[in-house]
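Novice: Assemble the dimeric complex from its two separately framed chains, guided by the hints.
For the protein sequence lines, the chains are A and B, in the order given. Residue 299 in our numbering sits at position 251 of the first sequence, and the numbers go up by one each step. Residue 1419 in our numbering sits at position 8 of the second sequence, and the numbers go up by one each step.
Keep in mind that the hints were calculated from the coordinates and are not lab data. Where is the CB? At the ideal position from N, CA and C, for every residue including glycine. Be a bit skeptical, because a hint or two may be false.
Claimed, not checked - Below, simulated DSS-like cross-link-like pairs (lysine-lysine); rule was C-alpha separation at most 27 Å, straight line:
1. B:K1483 x B:K1465
2. A:K145 x A:K188
3. A:K106 x A:K281
4. B:K1522 x B:K1456
5. A:K234 x B:K1508
6. A:K234 x B:K1456
7. A:K130 x B:K1522
8. A:K130 x A:K118
9. A:K234 x A:K157
10. A:K123 x A:K292
11. A:K214 x A:K117
12. A:K102 x B:K1517
13. A:K118 x A:K277
14. A:K188 x A:K234
15. A:K130 x B:K1508
16. A:K106 x A:K117
17. A:K130 x A:K157
18. B:K1508 x A:K188
19. A:K234 x A:K118
20. A:K145 x B:K1508
21. A:K188 x B:K1483
22. B:K1465 x B:K1517
23. A:K234 x B:K1483
24. A:K102 x A:K157
25. B:K1508 x A:K102
26. B:K1465 x B:K1538
27. A:K188 x A:K106
28. B:K1538 x B:K1508
29. B:K1538 x A:K130
30. A:K157 x A:K281
31. B:K1522 x A:K234
To be verified - Here are the computed distance ranges between Cβ atoms for each label pair:
32. A:E173 x B:D1545: 43 to 53 Å
33. B:E1555 x A:T183: 47 to 57 Å
34. B:Q1530 x A:Q138: 18 to 28 Å
35. A:A210 x B:E1492: 20 to 30 Å
36. B:H1484 x A:H174: 41 to 51 Å
37. B:E1492 x A:V180: 44 to 54 Å
38. B:N1528 x A:A210: 36 to 46 Å
39. A:D153 x B:Q1530: 45 to 55 Å
40. A:K155 x B:N1520: 47 to 57 Å
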Amino acid sequence: MTINIENEKLQEDTQQVESSRRNFIFGSVAAAGLTVAPGVMLYQTANARSLSEKATSKVRWGMLVDTTKKVDWNKCVDACNKEHGLDNEQHSRDDQKTQYIRVVDVKNKGTGYSMSLPVMCQHCEHPPCVDVCPTGASMKRPDGIVLVDRHTCIGCRYCMMACPYKARSFVHETLTDQTENTPRGKGCVESCNMCVNRVDNGQLPACVEVSDGAIVFGDLNDPQSDVSKLLAKHGGKQIRADLKLNPGVHYQGI
Amino acid sequence: MWLHQNFNSFFKSNGLHKLPLTVAGLALIASFNTVNASQDGLGPKITIQESSGKSCVLPSEQMRREHPDLLKHDRVQTLREGVRAQVDGSTLDGSLKQCVNCHAVKDDNNKFVRIDNDQHFCVSCHKYAAVTIDCFQCHRDIPEGSGDFHALSSHKDASYTNVVPGTYSITVKDMANIAPEVGSDDN
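Okay, chain B solo, but in the shape it has when bound (with noise of 0.2 Å):
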């Protein structure tokens, strides 16, 4: 109730030009919050999948903060233009397909994780980053079939392997450094 009344009167008083910095605030309070005290460091979890031993289109590093760029590039490509494939025949480095096909986990079960699970590779990174993704509102989420890792070969680094899958917790730090920097182009 204090909640409701105090929004109301921030409503009133601050107009709604500040409302983004409020729920950043309050999303702020609210992951401190929940920070378990048996934890070794500050913030939820993360947990690093186990990398398949196969490379990806780019050094790790990069593929975090471009993926989104990668894959802006080659929808257009494929989708307006009809290029599907590069020039030695390979697999785009923006295909989603190939992302999930490479990245889908599995569960107990030996069954793929859906994006409803937080397991699921994109989910793992970007519920923590709380950077929601629409992809999957239309593109499948697991692989059709048994998902395969042989159409990739842009094999332009093999370190992966440079975080230790596993469950860590990740300071909003080094989450600074992962996460893509804003660009104005965004859109």
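The shape of chain A in the complex, shown without the other chains (with noise of 0.2 Å):
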């Protein structure tokens, strides 16, 4: 689903950062990680934990997303939808349909600039989600990753209106033939984790893996990680800084 948002602060966002020397950075980072096999990469941290170790708030997981490379977001979407086994309700309506990853269209009326960037979990390190859980279902771990326990949520949907990113889908329907990383099913609450699974094993989140390094996954506590040292050198935006949620998914460009 595309939502068109008019946005009126753009102008100042079209003053765009010499590209040729943006993609360079993007491309040397892209071609610095290690591809063992085809799909697989293996993603090294200065943190790194074995899996029988606990997540510990030492690392914090975040993302750098770069709107000014031209990328089909679609791509990342139909990669997290095959990772996580969505987009397979038989009678719920699009609106009803769970996405972890909106592509969100905005245009500039006045100037007529326009843009897209992917709107997921933001994965606050104050969440409002969690806030209001009266269950304890949604929670953040350790290492900074904001995702829903099942095996506790009730399905109030308090954490959707919470959410000011409108990150959060409810599951409407029956679904069988679910991925074995991915349980999900009727009358939960459920939103982006950062493929917690693939992070936790080492791997990359799925819509980072397919994005052309225009999505750029790192731990933000480490100030060598590909991600720091990129916000370091650029910066970058979190959407509604004003809330003061700290969002670990940072963007350029918007």
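Specialist: Put into structure tokens, the structure is as follows:
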């Protein structure tokens, strides 16, 4: 689904920063990734943990989305759907169907400038969805990943109302044939979990893998990580930073 | 119609708090009614699926009683804390994915049976015991791909064959011995 938003402030964003330079940087980042086998990227961090250890707050997972790259964000949506087995509802209306990533088209009517960006769960440091959850199902892992524990979710949908990014979806119908790694079913709220199963196993999130370097994933706490270096060099914007939720997802070019 | 009226008067006279008892009673009567005269023993049949020859993470007797605790414990570890394997790198004992991978049952067409089939490993027992499980409303009920038996490593016992595969009539008393004890901290 695509949403059109009129953005009055977009004019200042049209001043594009030397795109060739940025392409060079992102290109080298993509090349630095070590490809072990097709579709498998091993992810190294300074604070790597073994699979038998608990996630710790030494790591804060985050992303930097470069919207100036002319990437077809629907590729990311498709990869996401495939990874999590989404888009398999039979009876739900389009606006009821689960989306982990939405592609938002923005247009400044004054200048005619338009752009699009992927919006998923922003993995806030202070997530309002966690604050309002009456059962503790909506939770933030110590490493900053915000997700729903469906074992305790009662489907009240308070979190959907609390989320300023409209990141959460509710499953309206009985589902079958789920994927092994993303159990999901009727009566629970769900959202992007930053591909937590892949991240724990040292892989990149599905959307990052197919983004041609336009989304960089990494540890925001590690100044040597790709994402931290890029943020330190170019800065980045958080959507609705005024809410002071400190999202883990940052954007360039919005 | 009689049942309907009976229920109505029941609600008025005794209140709702005895409803579970009544339902249990009715279920018991119903189960006796379905006893097939041609069977050897009392009660409906239960089919024990053939084991793969590998042993489970705990001895069978313990698994029958304790598998809900294992699952509940490890779901907290995995989902909330991010622990995905044991220290030696093997799969967690309570990994439902691994349960399904090992215990998947194939039908005559060599396809995995799904959760709506009585032959499904979990269903075969749970239907007999009339204990509804919600796991597979969200979790995948069959393996992805061909299923596997490799990831189990804690072979603490090789006595899964103490029950020979086949179809049995198990008495209510037998089932009571198999079923987990009900604890007050069950949730």
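Novice: All the hints need checking, so say for each whether the structure fits it.
Specialist: For each hint, the structure was consulted:
Restraint check for K1483 (chain B) and K1465 (chain B): satisfied, since their Cα atoms lie roughly 23 Å apart, inside the 27 Å limit. Distance restraint check for K145 (chain A) and K188 (chain A): the Cα-Cα separation of roughly 24 Å lies within the 27 Å cut-off, and the hinted pair is therefore satisfied. The hinted pair formed by K106 (chain A) and K281 (chain A) meets the criterion: a straight-line CA distance of about 22 Å does not exceed 27 Å. Straight-line distance between C-alpha atoms of K1522 (chain B) and K1456 (chain B) comes to about 23 Å, which keeps the hinted pair within the 27 Å bound.
Restraint check for K234 (chain A) and K1508 (chain B): satisfied, since their Cα atoms lie roughly 19 Å apart, inside the 27 Å limit. For the hint linking K234 (chain A) to K1456 (chain B), the alpha-carbon distance of about 32 Å lies beyond 27 Å, and the restraint is violated. Of the supplied pair hints, the one linking K130 (chain A) and K1522 (chain B) holds, its CA atoms being roughly 23 Å apart against a limit of 27 Å. Pair hint K130 (chain A) plus K118 (chain A) holds up; C-alpha atoms about 22 Å apart against a cutoff of 27 Å.
Taken as a hint, the K234 (chain A) and K157 (chain A) pair is broken in the structure, with Cα atoms around 40 Å apart against an allowance of 27 Å. For the proposed pair K123 (chain A) and K292 (chain A), the alpha carbon gap of about 30 Å is over 27 Å, so the pair is violated. As the CA atoms of K214 (chain A) and K117 (chain A) are separated by approximately 24 Å, the hinted pair is consistent with the 27 Å bound. Proximity of K102 (chain A) to K1517 (chain B) is assessed by CA-CA distance (about 36 Å); at most 27 Å being required, the pair is judged violated.
Restraint check for K118 (chain A) and K277 (chain A): satisfied, since their Cα atoms lie roughly 22 Å apart, inside the 27 Å limit. Between the alpha carbons of K188 (chain A) and K234 (chain A) the distance comes to roughly 22 Å, so the proposed pair stays at or under 27 Å and holds. At most 27 Å may separate the alpha-carbon atoms for a hinted pair to count; K130 (chain A) and K1508 (chain B) meet this at roughly 19 Å. At roughly 31 Å between alpha-carbon atoms, K106 (chain A) and K117 (chain A) are farther apart than 27 Å, so this suggested pair is violated.
Under the criterion of a C-alpha separation no larger than 27 Å, the hint pairing K130 (chain A) with K157 (chain A) is inconsistent with the structure, at around 35 Å. The straight-line distance between the Cα atoms of K1508 (chain B) and K188 (chain A) is roughly 23 Å, inside the 27 Å bound, and the hint therefore holds. A distance of roughly 36 Å separates the Cα atoms of K234 (chain A) and K118 (chain A); the hinted pair therefore is violated under the 27 Å criterion. For the hint pairing K145 (chain A) with K1508 (chain B), the CA-to-CA distance comes to about 26 Å; that is within 27 Å, so the pair holds.
Pair hint K188 (chain A) plus K1483 (chain B) holds up; C-alpha atoms about 19 Å apart against a cutoff of 27 Å. Under the criterion of a C-alpha separation no larger than 27 Å, the hint pairing K1465 (chain B) with K1517 (chain B) is consistent with the structure, at around 17 Å. A threshold of 27 Å between alpha carbons decides the hint, and for K234 (chain A) with K1483 (chain B) the separation of about 20 Å falls inside it, so the pair holds. A hinted pair counts as satisfied when its Cα atoms are at most 27 Å apart, and K102 (chain A) with K157 (chain A) does not qualify at roughly 49 Å.
A C-alpha spacing of about 20 Å is found between K1508 (chain B) and K102 (chain A), which places the hinted pair at or below 27 Å, so the restraint holds. The hinted pair formed by K1465 (chain B) and K1538 (chain B) meets the criterion: a straight-line CA distance of about 25 Å does not exceed 27 Å. Only pairs whose Cα atoms come within 27 Å are accepted, and K188 (chain A) paired with K106 (chain A) is accepted, the gap being roughly 14 Å. Proximity of K1538 (chain B) to K1508 (chain B) is assessed by CA-CA distance (about 21 Å); at most 27 Å being required, the pair is judged to hold.
For the hint pairing K1538 (chain B) with K130 (chain A), the CA-to-CA distance comes to about 33 Å; that exceeds 27 Å, so the pair is violated. Distance hint between K157 (chain A) and K281 (chain A) is unfulfilled; the C-alpha atoms sit about 31 Å from each other, more than 27 Å. A hinted pair counts as satisfied when its Cα atoms are at most 27 Å apart, and K1522 (chain B) with K234 (chain A) qualifies at roughly 26 Å. Remark: the range hint 43 to 53 Å for E173 (chain A) to D1545 (chain B) is contradicted by a beta-carbon distance near 33 Å.
Between E1555 (chain B) and T183 (chain A) the CB atoms are about 30 Å apart, so this pair departs from the stated range of 47 to 57 Å. Between Q1530 (chain B) and Q138 (chain A) the beta carbons are some 26 Å apart, a value that agrees with the proposed interval 18 to 28 Å. For the pair A210 (chain A) and E1492 (chain B), the beta carbons lie near 24 Å from each other, so the given range of 20 to 30 Å is met. Range check, H1484 (chain B) to H174 (chain A): Cβ separation about 30 Å, and the 41 to 51 Å hint is violated.
Distance hint check for E1492 (chain B) and V180 (chain A): the Cβ-Cβ separation is about 23 Å, which falls outside the suggested range of 44 to 54 Å. The beta-carbon spacing between N1528 (chain B) and A210 (chain A), approximately 41 Å, falls within the hinted interval of 36 to 46 Å. The beta-carbon spacing between D153 (chain A) and Q1530 (chain B), approximately 50 Å, falls within the hinted interval of 45 to 55 Å. The beta-carbon spacing between K155 (chain A) and N1520 (chain B), approximately 54 Å, falls within the hinted interval of 47 to 57 Å.
Checked against the numbered hints given earlier, this structure breaks hints 6, 9, 10, 12, 16, 17, 19, 24, 29, 30, 32, 33, 36, 37; the rest are met.
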